[in-house]
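S.K.: Spelled out from the first residue to the last, the chains are:
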Amino acid sequence: MTDRILAASIVEHLGPDALQRLRSLRRRLWLRRSLRVAVIATAAMIGGIALVQLAARTVALEVAPWLMAGVAGVAFVAWAIASWRARPSLTDAARGADAELALRERLGTALELIAEPVPEDPLAAEMAERQLADARTRLASADLRAAFRPHVARRPSAAGAIAMALLIVLIVWPNPQDEILRDRQAARDASRQVAERIEEVARDAEKQGADTPDPRRDALVEQLRRLARQLREGGDDRQDVLAKIGAVQEELSRLTDPQAAVKDAGLTQLAQQISKAATGKEDANPEGDPDQAAKDLEALKDQVKQMSSAQAAARAEALQRAAQGAAGTQPEVAQRLAEAADALDRAARTGSPQDQQAAEDALQRAADATRAADQDRQLQRSVARAQSALQDGARQVARAGQPQPGSSGQPGSSGQPGGSGQPGGSGQPGGSGQPGASGQPGASGQPGGQPGSSGQPGGQPGGQPGGQPGGQPGGQPGGQPGSQPGTGGQLGGGGGTTVRRIPGGGVRIGSFDGPSQGNKGVTVTGLDDIFAPFDRIGEPGDPSYIAGQGGDGGQDQTGSGSGVGFDNDALVPYRSVLGLFLDFANFQLDRQQVPITLKDLVRDYFSRLEPTE
Amino acid sequence: MTEQSTVTPPEPIAPERFSELATAIETEVGRFIVGQNQLVRQTLISLLAGSHALLEGVPGLGKTMLVRTISEALDLGFSRIQFTPDLMPADIVGTNIIVEEGGERRFRFQQGPIFSNLVLADEINRATPKTQSALLEAMQEHRVTVAKQQYTLSEPFFVLATQNPLEMEGTYPLPEAQLDRFFFKVDVPFPTEAELIEIMARTTGAERITVHQAATGADILAMQALARDVPIASHVMAYAVRILRATHPDSENPPDLVSRYVRYGGSPRGAQAMVLGAKIHALLDGRFNVAFSDVQAVAAPALRHRIILNFEGEAEGINSDSVVRAIIAETPTEPVE
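Chains as they are written, first to last, in the working numbering: chain L, 1 to 613; chain W, 1001 to 1337.
Please keep in mind that the hints were generated in silico from the structure rather than gathered at the bench.
Positions of the beta carbon are idealized from the N, C-alpha and C atoms, including for glycine.
Check the hints yourself; a few may be wrong.
Reference excerpt, derived from the structure (chain W facing chain L, CB under 8 angstroms, subset only) [as the list claims (entries may be wrong)]: (1) Pro1012; (2) Gln1111; (3) Pro1113; (4) Asp1229; (5) Val1230; (6) Pro1231; (7) Ser1234; (8) Val1236; (9) Ala1238; (10) Val1290.
Selected chain L positions facing chain W (in silico; Cβ < 8 angstroms) [claimed, not checked]: (11) Arg106; (12) Asp121; (13) Gln324.
So that you can see chain L by itself, here it is in the shape it has in the complex (with noise of 0.2 angstroms):
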């Protein structure tokens, strides 16, 4: 029978105040039932919640919160599925309110009369109707509150209590795994970061190529754009990270050509060499744009029917000269100048049309050597700060949640300021440049230090790293150019740092009288194993920021020396970050367990290229 036909019955025969307290008996009933399953429910989630706290102390568990979360979820599902399910029925609340009221079993037995019919017998209906009224009577005249009481289980309270205490202190006690946690999560926000860096390179690399189709470009953009979408999806794994970072790496060096910024220097001179040729001007293309070199070669070969013989003479020998300028970093172009020298002297000399076509010919072909070679020198420096990108964001990926180097605390007493440093102003490089006097190395040192205390958050300035490079690369290039001018084979960090592409737009071009060979000197046995990205140069918190080595942008210092110059930006002595590497190697001995065999030996090896002056 449903609660319905015997709530009818029970007005009928008990009367509705019976059924009322009925029901209030019931909703107390259900409150009871509710609360004690409310009581295991929570007791489990407790348990489960300390269960999960426990397995992310084994395991670094990222989803430990979510599933703590789902946990709670599940139990209060289970307490409204279980509540709705004890819901109790008028018979359940009458058989209830008989043991709790001592009732001795009246109102269950009056429900179950109600719900059958009379009997016919007159002495069992007498008998019913007996049994009605004393529960009725009974009913009335109990005392609602003193039934079903709540109370609380004492098995899933203990449990429960049991379970929270644990789960306390779990709480409480420091969880090692956190600390992989949030090395993971720096990881992945480095590798985020990384990603985003190398996007955007690859988008200047596609960029800059944009109108000219190019394989190795396409392939170049297309690997990048694919380690990024690696470290995007899986950046949590450091050394996975770093293996992906390094495969491109090795990728990206196959790319690189070692003579890529003799290349680059080279390229520049000649085609403002070439443009000064072409045109006969000679402030023709002073940024030395390949481009612009082509286009004037273009020109030139418009002009080559409309010459007299003594100018298409005179462009043939400007020519010439370039083609033997550039024959020893940009040999393609310097052939097809040549041959386009030859040509128009050719052209010049006999004046037939067919000399005249042919030179034009060579110019159009000199021309296109010229654009190739300068898409070449897109591609290496799209290769460049590719490299660069991923250098730097496997640095960062590496270092992400870890203490930093300075960090230990290196005092800034021992540091060497740049005052130490030779001041480069009296060096005057030969010629008419001045790539010393563009550098303040005496004053350089004590911004040296800056770069080095702000990457140390520890609050104690790495005087020493900060010192050295300050001091060393301010004085030694700046001096020893000026003393020996023209003669010295070292000399090349004059060089090096006289021909640079300064920030302020500008164009140094450090020429000097001595032979080429001193700037190769440098370049190729100090510079070539240490890489800095030229566009971070004088960032502050760079290590490899060498302050004073900076000019005044915007002043073009051209030089009529013979001599090459290059754009060395990305590149930097490896005696003037020694000092960087040795405190690192130092940090990295004590910090961590090596040999002492192997200590001497790393020592040993930085005290032998140590400078002795």
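Since chain L is already given, all that's left is putting chain W on it; use the hints.
M.R.: Structure of chain W alone, referenced to chain L:
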């Protein structure tokens, strides 16, 4: 030929009257029987259930006196049969004898002592099984058969058998099937010190206590009829059944005591005795329905002679009452949160 009962159908009585009569009977019996409230109450329940009781106790505890007092309080016929090994069935049910009437000889049935309202079968376990079965057949059928002739016993018919737990030599213990015919098996406990003093005072003084009639045989029949109309809820009935089932060692989840020491559990008659006894107990308590407590109150006398202990139980000195107590303790009435 069947001899008809002389008692007319009872007039219905009200529950209140039931309670009054029962109280009066207990009061009258209590005037003579000192203490032994449970004994009196359980004996009365057996009587009002229309069945029979087996009293077990050492000699001298007032078993015979109890039956005699009840008969006096009810103004019913009383007969006592002292069971001995040489007692024959005919000595109980009666026999045909040759009599001369009108110059001719004919057989006439001579009624035995069974033809009475209240029969005391004293030390029933001393008679032979043959004699015991003659009495037990009369108890069950409320009639006797002699020479293919059936004779109905007058109502109310109530047999109170006694047996002595000591002096078991030369006795014939009642078989389980025959024990099962007794509604209750009532233990007669030894009186307390205070009760003994009171017994001494009453029985050794000059004052002679007389018992007044409290009810008639018709009243008893009416009370028996009323008792069966007491309503019992299904969950209370189920509780009685669960208790009975728990006496069986092969039932589902029996108490440890049962599974270890019980050979056979109670028969359905045990549940019947519990339910009917609980109804009467409820009426005696002034209620109109059966409660769990009523079932619990009558469980021991209704089941103790129906639970057969195994050898280990006998050896360990386990008695049926402790088994019943364990069953009640472990059987839930009804789950109430």
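S.K.: Which of the numbered hints are not met once you compare them with the structure shown?
M.R.: 2, 3, 9 and 13
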